[in-house]
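Make the full structure from the sequences, and use the hints.
Protein sequences appear in the order of chains B and C. Residue numbering for the first sequence follows our numbering, starting at 1 and increasing by one per position. Residue numbering for the second sequence follows our numbering, starting at 1 and increasing by one per position.
No lab work stands behind these hints: they were computed from the structure. Cβ atoms here follow ideal geometry from the backbone N, Cα and C, with glycine treated the same way.
Stretch-level coverage of chain C by chain B, calculated; a stretch enters the list once three of its residues show a Cβ under 8 Å from a Cβ in chain B:
#1 115-126
#2 170-184
#3 271-279
#4 284-295
Incomplete in silico selection of chain B near chain C, CB under 10 Å:
#5 Thr127
#6 Asp129
#7 Gln191
#8 Arg198
#9 Pro285
#10 Tyr286
#11 Gly290
#12 Arg307
#13 Gly311
#14 Pro313
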Amino acid sequence: MQGESSGEGTAPILKRKFGRHADTISALGLGGHHLGDAATVDEAVRIVHEAVDGGITFFDNAWEYNDHRSEEFLGAGLRGGWRDRVFLMTKVCTHGRDASVGMAQLEESLRRLQTDHLDLWQIHAITYDNDPELAYRKNGILEAFDKAKQQGKVRYVGFTGHKDPRLHARMIELGYPFDSIQFPINAFDAQFRSFQSRVLPMAVQRGIAVLGMKPMQGDGAPFHKADVKLSPEQALRFAMSVPGVTTTITGMESLDVLRQNLAFAQKFTPMTPDEMNATIAAVAPYAGDGRYETYKTSVAYDNVVTRQVHGFPIAGAHP
Amino acid sequence: MAVPHREFKGNSVSILGVGGSTLGDVGSNSEAQRIVHEAVDAGINFFDNAWEYHNGRSEERLGRALRGYREKVFLMSKVCTHGRSKSVGLSQLEDSLRRLQTDHLDLWQVHEVIYDNDPDLIFAPDGVIEALVQAKQQGKVRYVGFTGHKDPDIHLKMLSHNFPFDTVQMPLNPFDKSYRSFQDLVVPEALRQGIRPIGMKSMGGGGEPVQRGAATPAELLTYAMSVPGVLTTVSGIDSYDVFKQNLAIAEKFTPMSAAQMHELERRVAAIAGDGRLELFKSTKYYDAAVGRQQHGFPPPSELPA
Numbered sequence: 001m002q003g004e005s006s007g008e009g010t011a012p013i014l015k016r017k018f019g020r021h022a023d024t025i026s027a028l029g030l031g032g033h034h035l036g037d038a039a040t041v042d043e044a045v046r047i048v049h050e051a052v053d054g055g056i057t058f059f060d061n062a063w064e065y066n067d068h069r070s071e072e073f074l075g076a077g078l079r080g081g082w083r084d085r086v087f088l089m090t091k092v093c094t095h096g097r098d099a100s101v102g103m104a105q106l107e108e109s110l111r112r113l114q115t116d117h118l119d120l121w122q123i124h125a126i127t128y129d130n131d132p133e134l135a136y137r138k139n140g141i142l143e144a145f146d147k148a149k150q151q152g153k154v155r156y157v158g159f160t161g162h163k164d165p166r167l168h169a170r171m172i173e174l175g176y177p178f179d180s181i182q183f184p185i186n187a188f189d190a191q192f193r194s195f196q197s198r199v200l201p202m203a204v205q206r207g208i209a210v211l212g213m214k215p216m217q218g219d220g221a222p223f224h225k226a227d228v229k230l231s232p233e234q235a236l237r238f239a240m241s242v243p244g245v246t247t248t249i250t251g252m253e254s255l256d257v258l259r260q261n262l263a264f265a266q267k268f269t270p271m272t273p274d275e276m277n278a279t280i281a282a283v284a285p286y287a288g289d290g291r292y293e294t295y296k297t298s299v300a301y302d303n304v305v306t307r308q309v310h311g312f313p314i315a316g317a318h319p
Numbered sequence: 001m002a003v004p005h006r007e008f009k010g011n012s013v014s015i016l017g018v019g020g021s022t023l024g025d026v027g028s029n030s031e032a033q034r035i036v037h038e039a040v041d042a043g044i045n046f047f048d049n050a051w052e053y054h055n056g057r058s059e060e061r062l063g064r065a066l067r068g069y070r071e072k073v074f075l076m077s078k079v080c081t082h083g084r085s086k087s088v089g090l091s092q093l094e095d096s097l098r099r100l101q102t103d104h105l106d107l108w109q110v111h112e113v114i115y116d117n118d119p120d121l122i123f124a125p126d127g128v129i130e131a132l133v134q135a136k137q138q139g140k141v142r143y144v145g146f147t148g149h150k151d152p153d154i155h156l157k158m159l160s161h162n163f164p165f166d167t168v169q170m171p172l173n174p175f176d177k178s179y180r181s182f183q184d185l186v187v188p189e190a191l192r193q194g195i196r197p198i199g200m201k202s203m204g205g206g207g208e209p210v211q212r213g214a215a216t217p218a219e220l221l222t223y224a225m226s227v228p229g230v231l232t233t234v235s236g237i238d239s240y241d242v243f244k245q246n247l248a249i250a251e252k253f254t255p256m257s258a259a260q261m262h263e264l265e266r267r268v269a270a271i272a273g274d275g276r277l278e279l280f281k282s283t284k285y286y287d288a289a290v291g292r293q294q295h296g297f298p299p300p301s302e303l304p305a
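Structure below.
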């Protein structure tokens, strides 16, 4: 595959070109939300160090994860020179509020992550129909993007969301030169309100790096069902094999999970088109009605701050 | 006062239609018959139904009530192949005609186009589209269309085939405007192709927004009937009282101005924009069991939470 090379030194995880830019990032990324679920900061630090030594360079996070513990844990892991070995991403959580809210969150993220710059700063959770308009409005978050880039505090910018491919398409169509875009990529998505069918080609055409998430549906629910003929390894391999995907972000809340994923990623070879079609066919009986992608349908997966900013009631109040 | 009508290909169709599913919910056959007769006498001539509503009871009820009234109404029913073949569709048509006690339908629509692969199944060789064509040729149906409550993209995929549908049915209400909007995404394309939109779920499908005090029935029904280009609004009428209420609203109808419509949309946006008032667009629990079966999906009762 074009633009791919194995890692340097002892780290054999495949790296891929970050969109239209010269940077390369590891084909497996470490999810920031789960890092905040690590039992202690020490375990989180060990996860980060072993991940880097194992060849993972892409680190995900968000200003609002786990009331900021996720960024703090990652910052602790990146102290002492580790920062320079990674491609560091976090997300800004204005959810439609002013550019100044975003700039203040950036300062907090930098402080917790113990660095002076991010490699990638993304808008978190484009969820509601009016989110694209709120992002593009005067004094919206995109103005903060321009400013942060000018100040050298972030190198690249993008956006994320798990709700609706139409909203991602709209974000791209409105024209801002995003460097990356993040959305769910898995075999279920291929047949229900599909991001990979609708959004991925638009991104690839524009040289926007495609960051996959939820390779195991976010919560691994299908793998606890005897009737679903798909292993976690097969699911991860599928997600990493989707043509055009740059990295696949997955949660690793313990050293055990990290080691499993590292071993898997280090021996990764992409599925053939036949293998991919067979995987899609294998999950078809459980995929087409969206029952394992409720992040696309249920308000229960909208994060609290997003809901608050839009004036929607939070947990318990919705049906 | 009579219910206003709109022109449709040389026919005259009332701006309010009586929904077939809820007609099957009405307490008794005699109450249902009273609703149908009084509706027709008041000028309502659009009657909705579907082959699968209440396992045929909705069509049977309407058929009995239409004895002597058939020629006064514009009769619609829906075919429920849910991806199965043309022959399944044609045999359902014979069932519908028999139950409705008539030799033809004015409008026959493909019911519940709601899964991502439905357009592919419908337009496949030997799919239900071929049944629509044949039934028209045989004079058993005059016009054809399709319906669905799930996703504007699926409607657009249906319309991308440029098939000469006469109508397309979809949820039309002020909540729709801020969540996965059929009105914004589908209505313009339908009108561009000369296909008339039919509205449904004017009060959110179950009237929940009314119970919550978000808006009144008069506001919501008047809004739906005011959507530019809409042919009629199919209304869920499950009792004589609801019938009288909606009839009075339709008789008094004057279209809302664009500004009035925007005002109502703005007012409800704060409770509508996350989709909680239109769960039929997001959850699986509003999808008919027959359709789920044809796609190999278990009934909603067997789904994970």
